[in-house]
Amino acid sequence: MSILYSSFGLCVEVDVYWNDDFQKVVSLSCNPDELFCDQICSSSNSCEVKEGICQNCIGTSLKLLNFFAGMGITYKRDKLINLASDDFLNFFVSGAFISLKAQDVYNVIESFNSIKVYKKFESLCPIDSWNQIVFYEVHSVSRELLKPRFVYCQFENTSEVYSIFKFLDFEINDRAYSWIL
Amino acid sequence: MLIPKSFAKEWVRSEEEFKFLSNKLIYSNRSSCAKKSQLPTKSVFLIVDNMNIAKAAYRLAKIRGMPPLHVTDDAVRVFRMGLTKLISIISNRLLSGDLSLVEDKFLSHEYLKNNWEQSGSMDLNSFTSCRVVKKLSSLYSHLNVTRPDHFLLEEMAKEMVKLEDAIDDCQNPLALHSPEVALYQFDITPVDDDFKKIGFQFWYSLKVYLSWAFRFSDEIQVLTAPYDFLFRSSNLEEMILFFSNGCESITQIQCSDYDLNLERLKDYTVPANLIDFSFVDSLKPIPDLPVNDFFSKPLPNLDDDFLNLSRFETGEEWLQNFRDNYIKGRGYQKIRIRKAFSAINMISLATNPSQIETKVLKEISENTQLQNQEIFYLCSEFGIAYNDLLPKVKNDFDLLRMNSFVKKTFSELYDDELVAELDFLSDLALRINHICKRLEEEGFWVNTDSFEQDGFSPWYLQYVRGEKIIPTEDKLDIYSNLEGDFLKLNGTTIICKTGTHCARIFLNSFISVSSLAKYLQIISPNSINSNNMANPLSSHMVCGAYDPWAKKNKMIYDIFHDLTQAAVFGLFPSPVYVSADLIPKTLTSFSTLIKEGKVFYDPRYDPKKIKLSLIADLGSLIGVPCAVAISGSKLNSFEYYTFNGISLSGCRERSIITTNISTNNDLQHQSGYHQICASCAINLQTISSVVSNINPVLRFSYFLFKGIARLVSHLKDSNDLSKDWSISPLKVALSYRYHGSISKTCGKNLLKGKSCLPKKCERKMVEEFVERYQVSPVSSNFKCFFDRGEIKIKECDQLIYLSQRGKLNIKTDCDLKERK
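Line by line, the protein sequences give chains A and B.
153 is the number that the working numbering gives to position 153 of the first sequence; each next residue is one higher, with no gaps.
1804 is the number that the working numbering gives to position 804 of the second sequence; each next residue is one higher, with no gaps.
Treat the hints with care, as some may be off.
As the list claims (entries may be wrong) - Straight-line alpha carbon distances no greater than 16 angstroms define the calculated EDC-like cross-link-like pairs of lysine to aspartate or glutamate that follow: (1) Lys63(A) to Glu1238(B); (2) Lys1334(B) to Glu110(A); (3) Lys1408(B) to Glu110(A); (4) Lys1055(B) to Glu110(A).
Hints in this document: simulated from the structure, not taken from any laboratory.
Taking the hints into account, I'd like the entire structure generated from these sequences.
Now the structure itself:
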């Protein structure tokens, strides 16, 4: 279990696990004065959000191959996100997302417990983070992968959520170009 | 009668086995198999590669702290049973009309959901049977044998005694053998005779609904609990492949790269220790056009075991080998396409053709040996890719602009439609070729011998120098001996060392994309793949590379020609005359001749009536312009043998022509035709009774005999005239039970669809009896003069009396159980 402090100094605890029915669940625990859980599931202190299926995530789709290959290289964290922002709230409430962790059922490409994969997830967060969780947007009906949107980073005393962007910082003939996609 | 040992066992152990063995095995020769490829199959194989399911289940168990091996085994078992059950459910619903067939390519989730939810009321009906194929036994010999002999039939009988070693029930929870792969056989029993019309639509619909129902139906959640969430998140389309069992097809293929490449997945059935990946076309830097294959290689021989079935003991071993080869090939292709897409995306984002040109010009001006070597590679590669004399590469780039699947895939990854990138390449090529032309004019290439040749891109080495390229990952990179960091990503990753390097990478990446464009839908499917790889002629057929009717048409042309020659001599009265300017090897069907105005009619007859009766007479055999008849026997004036619309009748006198005319069932050997009795006529039975005894007009008969002799020799050809042999495994088993072996004579009977019981009436009655009741005969004794006999069965101690007066009468006190 990890603790997620919003930028307003409130805290939300986040966990992702597979329940007894072998379904993936994102669990949130909020401080009583934190509105996030209330906004998500109309409960003042905790929410259990069952993830929907993730179409073709157990496989070797080009999209997943591309994401895993580009983590930390072309896919990077961007802004620190305010949980109360509409962006994140709407994203979460829509349910049109799946979560990805370093040790995940949805990664059948790399070997389980691969240090390489841990490093890739670490590279999305600031130094000294662990238990990174990527929230990947999916289509609300077909549940096909769309875009990696947020990354959750846990630290010793705090947690943060960042948006993910695709960065291409080029240097050509000593001149620099940056592409944010 | 001495009871052979084979009687000790049950004839057929279960109703399921009975159902499986009731399916006739059809052995076809090349011509017949080719024709059948245009018909929908009723039996398919399903290849399942559940490696990713196993990996996911293993990870899930680890995450939840459960015993991983146990969970993995359990999940794989549930997955397989659920998947095969779902296929049966969908098939039954489609065949009963409960679920509507679909045709369109793009069907919405809502449409499929709605159709699905309205079906399900008739789920108790079963038109499908499913088997795990454990052993590629002689029960599958129709896949690599065209005509079974008695040795093969005996082997088949022996294997049927131990059928449990060869097949298993799909719903048997203990049927899990290999954890990675499984091979299944699905047989369907269509309700009505319209299956020929709707068969292809049925299989297409099955695949569409399977993709949907596997993820979204309530049934899959029940069938695969508790793992349903896991399975529904898997890439099903990547894991399974259907292919037809035999000559008939599951998919009505077109002569397109996609379909032909799907058919060529059979290349991966070669044993791993023998396969040479550098010869696998889809893995070449620039694959050949699949149709080129047809013209560069001889026609496939169906006895050649092109699926390599006989090289493996079990179905699983065969499939494991196929899977390993396929995964290796597909993995390489995926890496290749991903690298190419990524390079195209990055280079086109970071720079532009003008920048690369400037950099290349700067590198040329440095004029070092190393630089010049790189320029040599650059100019050679761009020169070939954009050489008008070799338009293939450039044409492929143009085709990419129209390839929606490639554009869609690229756009999903990079939000871009690959149009600007193609423009980038064209612009870059213009600039590079301009530079190279100027260099040539300036005498830059005077001494090309001093340049090394090994650093070319693999596509160039293959395409221009005909080198064999082993597909390995390191062959995907364009090496440059130069140092530099012309284009760097995120401060660390060097994309191109120099301008020259960048231009070559960009071109090479597009060559990869255009090469793989034809395979992308196979390696990264968005729908379930299926092919007809058990019939190598299906591709030849759709592309017009093989015409199973050609031989017959040629033969018919010849006889027709001879016939008209005979007609010229006034041998027989015919209401139809044919113009003499027929061109050999052109289509000579009556319908064509009529349309082309080459058939003339005797003014005494009404042409309309002739035309009508002609068409009525020939019916679907419109490709057959005439029938041949030999008549005039003193003993038997009308003895007809039919061969696909051609009839021969003959007289039995001195043996001059030995015919070996085949019906669809078997060869019928006849000898004793006497040329003097022969006649030939256009077969217009309704209007011309021209089969007449022409004896003794020998000199005029010359053309007829020539034609008949030629016809006979053509009919002897074993490959190019359609022949089928239909074997009933049940009758093979019954015959073996009686004799303990299959003799040569018995083999011939079985080929004709008959079993080999001692007496004719015994055969008829016992066959009907055992097929109607769940019994295993132990002995029988019949008196055919009275059409009656007695039979003893394993299930009852008393004798059962059978007699036949029109229908089979049974007199017994035994409690006989009827078959379902």
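Here is what the structure says about each hint:
1. Lys63(A) to Glu1238(B): 14 angstroms, holds
2. Lys1334(B) to Glu110(A): Answer holds: lysine 1334(B) to glutamate 110(A) is near 15 angstroms, not above 16 angstroms.
3. Lys1408(B) to Glu110(A): 26 angstroms, violated
4. Lys1055(B) to Glu110(A): Holds - the C-alpha atoms of glutamate 110(A) and lysine 1055(B) are around 10 angstroms apart, at most 16 angstroms.
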